[in-house]
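Q: Following the hints, complete the assembly by docking chain Z onto the known chain R.
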Amino acid sequence: GIQVEQSPPDLILQEGANSTLRCNFSDSVNNLQWFHQNPWGQLINLFYIPSGTKQNGRLSATTVATERYSLLYISSSQTTDSGVYFCAADNAGNMLTFGGGTRLMVKP
Amino acid sequence: DGGITQSPKYLFRKEGQNVTLSCEQNLNHDAMYWYRQDPGQGLRLIYYSQIVNDFQKGDIAEGYSVSREKKESFPLTVTSAQKNPTAFYLCASSIPGRAVNADTQYFGPGTRLTVL
Numbered sequence: 049g050i051q052v053e054q055s056p057p058d059l060i061l062q063e064g065a066n067s068t069l070r071c072n073f074s075d076s077v078n079n080l081q082w083f084h085q086n087p088w089g090q091l092i093n094l095f096y097i098p099s100g101t102k103q104n105g106r107l108s109a110t111t112v113a114t115e116r117y118s119l120l121y122i123s124s125s126q127t128t129d130s131g132v133y134f135c136a137a138d139n140a141g142n143m144l145t146f147g148g149g150t151r152l153m154v155k156p
Numbered sequence: 125d126g127g128i129t130q131s132p133k134y135l136f137r138k139e140g141q142n143v144t145l146s147c148e149q150n151l152n153h154d155a156m157y158w159y160r161q162d163p164g165q166g167l168r169l170i171y172y173s174q175i176v177n178d179f180q181k182g183d184i185a186e187g188y189s190v191s192r193e194k195k196e197s198f199p200l201t202v203t204s205a206q207k208n209p210t211a212f213y214l215c216a217s218s219i220p221g222r223a224v225n226a227d228t229q230y231f232g233p234g235t236r237l238t239v240l
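Here the protein sequences come in this chain order: R and Z.
Count along the first sequence from 1, then add 48; that gives the number in this note's numbering.
Count along the second sequence from 1, then add 124; that gives the number in this note's numbering.
Worth flagging that the hints you see were computed from the coordinates, not collected in a lab.
Be a bit skeptical, because a hint or two may be false.
If you only want the chain Z side, here are some residues facing chain R, beta carbon under 7 angstroms, derived [claimed, not checked]:
no.	residue
1	F136
2	G166
3	L167
4	L169
5	D227
6	F231
7	G234
Every beta carbon over 12 angstroms from chain Z, so not counted as near; a handful from chain R, in silico [claimed, not checked]:
no.	residue
8	P56
9	S67
10	R70
11	Q103
12	T128
13	V154
A few chain R residues that face chain Z, going by a derived Cβ cut-off under 7 angstroms, partial list only [as the list claims (entries may be wrong)]:
no.	residue
14	P87
15	G89
16	Q90
17	L91
18	G147
19	G149
Just so you know, these numbers come straight off a predicted model, no measurement behind them.
Virtual Cβ for every residue (Gly too), placed ideally from N, Cα, C.
Bound conformation, chain R alone:
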């Protein structure tokens, strides 16, 4: 099956800083999603982005499918951005494979 790797595994930021999270995947994909898991365990879908670029407020994501990577940009980070960010990909239909996550801590 498809392999998904995320980097960095851990990230500490000062409030207001910008950051880029990376997701590499081993095969072509028909589904790629970014999620945020808050400290209570709830996963929130941030982007459905198998290709191209999307923006939602301070967050944006870009997937370069031909080079098998996706980037999540967080600008002007806030303490509420803390948590774990997961990338998940699928190339066979309805079976998302998750990466190991990037654990983000934003300090006030």
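A: Coordinates of chain Z only, in the frame set by chain R:
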């Protein structure tokens, strides 16, 4: 409000007992999923169902069973055959196909199962 509910939030069981985790959605989604998350790890797919009365094994189905008798419900049973059942269990749903937001998965709040 539309959403996915999981119950209970915390569950404690003795080793060797079967336990059933509930997942209900009122989003009218056809597809439903169960994932397991261990501490510090990503999610792994246990089972998924794309339509009522049909379900497929995921990557780690051994020791688990599911049913899909109704569109809105997808309960997961953790059997005594599951060697390390203590984990965080997450249920999700989606609209498969070509609809707007198709294949975007929406998650419930999760159930933390501890086997003593």
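Q: Report the numbers of all earlier hints that the structure fails to satisfy, in ascending order.
A: 1, 14
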